[in-house]
Amino acid sequence: MSFNLRAAILENVSGHNEEQVEATIQDAVQSGEEKMLPGLGVLFEVFWNHADEQEKEQVISQIAEGLK
Numbered sequence: 001m002s003f004n005l006r007a008a009i010l011e012n013v014s015g016h017n018e019e020q021v022e023a024t025i026q027d028a029v030q031s032g033e034e035k036m037l038p039g040l041g042v043l044f045e046v047f048w049n050h051a052d053e054q055e056k057e058q059v060i061s062q063i064a065e066g067l068k
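Note that the UniProt record's numbering gives residue 55 to position 55 of the sequence shown, counting from 1, and the numbers run on in steps of one.
None of these hints come from the bench; they were simulated from the model.
A hint or two may mislead.
Computed spacing ranges between beta-carbons, pair by pair [stated by the list, open to error]:
id, residue 1, residue 2, range
1, Gly-15, Lys-68, 17 to 27 Å
2, Ala-64, Gly-15, 11 to 21 Å
3, His-16, Lys-68, 31 to 41 Å
4, Gly-41, Gln-20, 15 to 25 Å
A virtual CB, placed ideally from N, CA and C, is assigned to each residue, including glycine.
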């Protein structure tokens, strides 16, 4: 049996408004639990797929700066 984690995560957050999305992200980051990382990755993928080049460059820059 195959389980599509990406699809399950997207189904779980589908239809969420901005406040709900923010709460999901805040909860995942604050909890520090590794089991939350795939969900954050899927949310980042959604962002990336809808971002323009300037937004992508900003995020890349901020992430690179945070890794210093």
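Results of checking the hints against the structure:
A hinted range of 17 to 27 Å for the beta carbons of Gly-15 and Lys-68 is inconsistent with their spacing of about 37 Å. For Ala-64 paired with Gly-15, a C-beta distance near 33 Å fails the hint of 11 to 21 Å. In this structure the supplied range 31 to 41 Å holds for His-16 paired with Lys-68, their Cβ-Cβ distance being about 32 Å. Between Gly-41 and Gln-20, the C-beta spacing of about 18 Å keeps the proposed range 15 to 25 Å intact.
Checked against the numbered hints given earlier, this structure breaks hints 1 and 2; the rest are met.
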